[in-house]
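Peer 1: Residue numbers (our numbering), protein chains in the order written: chain A, 426 to 819; chain B, 380 to 737; chain C, 22 to 498.
Please keep in mind that the hints were generated in silico from the structure rather than gathered at the bench.
Quick caveat, the model's predicted, so the values are computed rather than measured.
All clues given are correct.
Below, simulated SDA-like cross-link-like pairs (lysine to any residue); rule was C-alpha separation at most 20 Å, straight line:
1. K487/C - T451/C
2. K438/A - S234/C
3. K590/B - G429/B
4. K330/C - I580/A
5. K797/A - E810/A
6. K33/C - G55/C
7. K796/A - L547/B
8. K580/B - L446/C
9. K463/A - G391/C
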Amino acid sequence: MKKHKFLKTIPMKLYLILAVFIIFYFFFNDFGLVDIQKTAVILAVGIDKTDNGYSVTTEIAVPKGSDRKMGGTSSLEIVGEGKNVSACISDIFSKTSWVPKFVFCDLIVIGERAAKEDVFSYLNYFIRNKYMPESCNLAVCEGTAQEIISSQSAIDDTSSLAIGKLFSDASVKSGMVMPNTLKDFTIGYFGPSKSSYLPYLRSTPQKGSHTHGGSGGSNSSSGGSGGNQVEEQAYSAEETALFSEGRMVGLLPHELTFAFSLLKGNVHAGNFNAKEDDADATLTILEDEGGVELDMKKQKVTLSLDLHARLCCKSVTSEVEEIASEEASDEALESAEKLLRADIEKLWNTCKEADCDLFNLRRSLYRSSHKKYEEWKDDLIDSLEVEIKTNVNR
Amino acid sequence: MKRISSRQLYFFLACIAPVGKLLFLPTQLANSARNDLLFPMLASYLVQAGAIFCVLLLAKRKMNLYELLENTFGGIAAKILISIFALFLFYATLVPLLEQRLFVQNVFYDTLPSLIVFAPYYIFAAYVISKPLSSHGRVWDILAPLSVFGFLGILVLSVGSADFGALLPIGAGGIRGFLRGTMSATNWFFDASIALTLLGKFDYGKGMAWKGALFYLAGGVGVLTFLATFYGIFQETALHQLFAFSQTSQYFSGVTVLGRIDYLFIFALALVMAFYCILPAQAGVDCLLQAYGKPRYLPTVFSVLVTGTLFIISLTLDYRFSEVLEVISGTMFWIFPIFTVMLPILCLLLRRKRREKA
Amino acid sequence: MKNITGELIKTKDALKKLLPSEDILTFDFISEKGMQFCVVFADPITDKELLGEQVVRALLDYDGKPTAAEVGAKLTSPEMKTETALDILALEILSGNPVLLFAGMDAAIIVGTKKVFTRAIAEPSTDVAVKGPREGFIEDVKTNTSLVRRRFKTGELKIEFLEVGRRSKTAVALCYLEGTSTEQVVKEVRKKINDIDIDIIPDSSYLTHFLSSRPYSLVKQVGTTEKPDIFCAKLAEGRVGLIVDGSPIALTVPYLLVEDFQSSEDYFVPTYRATFTRVLRLFALLVAIYLPAFYVAAQLFKLQLFPVKLLLTISGAIRDLPFTPSLEMLLVLLVLEILNEASIRMPKYVGMALSVVGALVLGETAVSAGFVSTPAIIIIAFSGIGLYAVPNLIEQTSVVRLAMLLVAGSVGTYGIILATGFMILYLVTTDNFGAPLVAPFSPVVGRDLRDSIVKYNLGSLQKRPKSLKSPNKRRLK
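Excised from the complex, chain A in its bound form (with noise of 0.2 Å):
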């Protein structure tokens, strides 16, 4: 009987020691946790290439003011440097004893002079890093990433985040800006094209711009020249940088950033100039539909662009009666696919002469036919006869 009652109480035992267990662990836990005040939460990474290796500028966010009821982003620019990017969190690490976590890292910017060489030397440590989002956005700045991360944005107290803004949906729609994320400029790089694209970052100082201290917005460690006199920046990322084999190879301006865009079929609120009575009329595509098509018998390839647009705005002063009319007149359409046919041969043969293969040919030849994938690979895009299709319609 004491037997059976003792083998009966048995499980209540056992939740016994199961809730002291817990309660124990509760109050004197440590698993190696980095909890959030420990944490570098890292929201973007700038890589630039040195004399002696790289140097990875990370932006940290930090509580902002030191009311505890009041929130708010503000953030904190550190610099780590060593022979290859670990080695560079490493000195972060060594600097702050904040623990980095990238699970919040939004963008990697390449400095130029890192963008020259093979950038997956650097970035394979951001794909191997099992908490770092592949879904950040990936660019390429003008100058060192170090100056653009550290710079005073003028729209927000954090540069990544001002940057940030300039990949939204609405600035893609726009056909201005061509974004990238870290796995799919991956994908190009692995993929058969071996190519892919970049936006170009650049910074412009705002004119009229007060120059402030670092109170309350962000300042830097790395130890800028101006002590805390910061100038206000605007970004912009209208040109696209080319990359064949992880190395930038080119670079496209913003009308050629747009042709691109509009052959992706990425555009629907986007104004462009069409010439209207040899005056400006600007024209806002409604509906983008582009395309790239490979045709290996007639080796071929189509890049064709059917839109619909309507007047927007035009230079010369219009009658009162006109102003109330969005169509755009047949010369301004005619224009307009003389135009966008002209962007679209120059952005072409930029690729060629780069050996992007920007339109993925590489990859759409592989996926039809691995043969003659094999047999073509090489000098695919050399070989292709170009047939340019335009055609803007009201």
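We have chain A already, so just place chains B and C on it with the hints.
Peer 2: Just chains B and C now, with coordinates in the frame of chain A:
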């Protein structure tokens, strides 16, 4: 609670069993068969569905596995055979358990946590194993909708980011890729073995064998859809995307606005997986209980012994998952087809009529 | 067992010896014809006015034979019986029923003039309905059974009075609808009640322990209600009910977890509204249990659960806090529980002051002083409100919430998942009186799902819940 209903069994085959194939297997298949990864999976599913068909036919005989063996070979031989089968089931637990551990360490924590964080799983496993296998029928009733919720949620968030053209050209991996893929998938297909241990716990209904196989294939269609989405998203980089189902949904545009809402679905599937990956061990214990009787203390003793051993093994094999996988799905891959495919077929040859007991 | 004798004095002395307490009084009187009578009664619980009216006045002119039958015929009380065993007479006196003795008697007469202390029937404070009946059970078993009887004008309603408690002899009314309730459940309940060997039963909650298949379990296994309409609806579904004397809370078995997500009002409002509120209750309960746990787990182990801007807000709010996120949350939770406990027990006039002190002063000052952060207070407040969306499960869910918090603070989100797994396995393997606790979800009972978290139109609920295994399946023809 002592019986499993046919609905619960179908829930297991269609909704629970596929979850175990969404974690490491897609990466493994992408590694071996590249863009042809659907074919090894399809082949494995078809073979396993056939094996499940055989197992469900055995249910007509109204005997559990031990009774089936005892009926033909006698008590001692049946005990030996069923003990070997139980050992196989413990062996089959190894990969799901280790992949689960890696999954937990990587997905549930922002930085690599210490080993101890996975220890509570063994307490959970011990509790699950100590319960009769038949009680799982009711668990499946709860887990099946959770599994569908998690799976559909992830699929809906992922499918928009996929480029299904990446699955072309068909056959680029060649026969070799297909065979390598099929071989490497064997250790994830042990569902027929689990169904074998469920014999005697459910009643055979009309058309149950083909219905069961069809439900299993329906689950397979879900897995194949996920696999296609997975490869469509990651394409050439799929082979380094571990823990597939936790990766695909992060590219959904709503994630930037609401945060990682996809974790809701990931957690739902993780809960289902917590039950599924200990299921072979529980089935193994059930086999032993079938053979060696059911004194009240025995399930608890077995559960403590089995989870204790698994805990020690997983500690020993810490950070050696790829080596373990290489051995289990490489050199030793043939073990799984023996127990999960051949055994159910051979069981059909066992004596049909009950032997008169002396 | 001793019996009475014909001698009045001896019998009176024997009873006094059995009941030596000072509140046991005797009243001797002689009829006009000289016959001696004596009434023995328990002073505080006997209605003396009724006793004088129905017994003494009726016997003043008695001139019949000294037999119980003849004396009884002269009394005007509608409730009386005769008895010879002294023990039983003593017991009746203690129950408030006076015993009439007279010279030369063959048996004593027990008169039903018990004084009943009852409060008026009022709306129960724990189960308020905006629409629908407002009656609530009170402490008197007779009144309560009358409330039930009023709703069933059929002989199928059986009310059996059982007695529990060696000393309290508490009356327990076992109610069921014959032919609708499962006979096996009725037998099992009767057996369990009869097997109880305890000195007193002060409240119906004592019985739940004896009725549960897992008495040490945190999980509720017996249904409770204060409303006769709900009680009757449950009986009509095939359940067995128990009303305990002295308790306004009636019990019903078998109990299904889903019952507590249903309110009587759900049946008086449109179905879409009922479904919406039930889903809301479930959601609120899940939020109450999981929100603090996930909040802590996210801060400690998985920051990604927060959108980045929320993370930075939280990060700013918890800066310089002296506690870890888990301890902070535990502290706030404990304060909430203490406030809750105090506000229930405190006199009403202090309660108002307490809520002001608790909610405003303590909360605001704690945040200003930097002991706790604003997000933690918001999370706990939200969780606290959510808990009250399912009032019948508060005792259980508040403990589960605390357990979840401890697990989350120890092992993080995966701990929460495992704890949920534990809970699922535990719940689905719990049966009570043959009904699975989590039915109709596990095992799935398609028909019963129509009145679970989802509420179908009354016309679609033609049959009684299958999970209860009622022999009378159809309720709507």
